[in-house]
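**Q** Sequence:
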Amino acid sequence: MGYSKNKMRTAVVTASYAADFERCRLLCDSMDARLKGSWNHYILVEQRDVARFKTLQDTRRHIVDEREILPDWLRPFPDPLTFGRRRIWLGPRAAPLRGWHVQQLRRLGMGRLLEEDTIFSADSDVALLRDFDPADLWERDLLRLYRRDNAMPVERVDHRSWVKRADRLLGQPERSGSPPYHDYINTLIGWRTDTLAALLDRIEDVSGTNWMRTVAGNRAISECTLYGRFVDNCLNGAGHVHSADALCHVMWFASGPGYQPDLRSFIQQLEPHQIGIGIQSFIGFELGDIREIVLP
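Numbering (numbering that gives the first Met the number 0), first residue to last: 0 to 295.
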């Protein structure tokens with residue numbers, strides 16, 4: 000395969016749901032204003048949300064029903080623990096999965112459906128603030144892979160479980176070792192489509208069964224960790240070049256490191272290499288205030 004930046008095609012992939020619709024609309028508007036190059040946008044949603052999200056569809060933005068990705072045996076139901084306000088996905092031999100687990104399964108599953116060279120994963124609570132061409136993620140025939148060395152918090156039990164589960168899925172449990180581990184997680188991430196397809200093949204080779212059934216069997220799922228450790232531990236970094244420069248300036252929590260109560264101050268903290276912001280919806284900023292700053 001010959002690589003030329005001006006020929007690289009990108010699939011921007013966003014998994015979303017009804018409660019995030021307006022945030023997803025802002026992402027779309029900011030992409031239309033600032034994303035350059037050759038790209039298509041795929042928004043992956045539950046079947047009942049398709050009609051609403053279809054209002055965002057245009058010539059290069061496509062709404063994908065999760066039934067095109069998920070197996071028939073994995074289905075959503077009202078979650079009785081939330082009196083039906085939220086959804087839970089159930090299936091034989093699958094762990095009860097929340098929406099954020101299934102969003103990851105949707106994105107992983109696109110590795111066998113897409114023809115574009117690059118998958119550029121953008122969460123629906125992201126908004127772009129600077130012009131960017133995803134082809135710039137390529138350095139000749141190598142794709143930039145976000146990785147902060149030994150930066151995954153030692154005290155985070157969930158992070159440790161994501162690493163150990165990823166290594167079991169890849170057939171390399173002995174590679175986990177002890178924390179700290181590398182951090183591959185951000186809300187704007189580039190993947191090679193051919194590498195993602197190879198990752199799914201690897202999981203099936205190790206497990207002897209369909210990758211979706213294997214991954215869905217446990218709720219310890221981190222797609223970014225899984226992809227990163229596959230590249231580093233199974234491919235020895237082939238096809239990629241590491242970068243610690245996160246593309247998105249993220250406010251993960253409503254307190255602690257990274258929290259900034261003033262929205263404009265938070266945005267002013269963007270580093271030169273960062274192209275967008277991600278503010279978790281539960282933190283409480285008014286979407287209208289974010290939109291006013293992103294698209295004045």
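Any given hint might turn out to be false.
Unchecked claim - Within a straight-line C-alpha distance of at most 16 angstroms, the following computed EDC-like cross-link-like pairs (lysine to aspartate or glutamate) qualify:
| no. | residue 1 | residue 2 |
| --- | --- | --- |
| 1 | K53 | E21 |
| 2 | K53 | D28 |
| 3 | K6 | D78 |
Worth flagging that the hints you see were computed from the coordinates, not collected in a lab. If you're wondering where the values come from, they're calculated on a predicted model, not measured in any experiment.
**Q** For every hint, state whether the structure bears it out.
**A** Against the structure, the hints come out as follows:
For the hint pairing K53 with E21, the CA-to-CA distance comes to about 13 angstroms; that is within 16 angstroms, so the pair holds. For the proposed pair K53 and D28, the alpha carbon gap of about 15 angstroms is at most 16 angstroms, so the pair holds. With a CA separation close to 45 angstroms, the supplied pair K6 and D78 exceeds the 16 angstroms bound.
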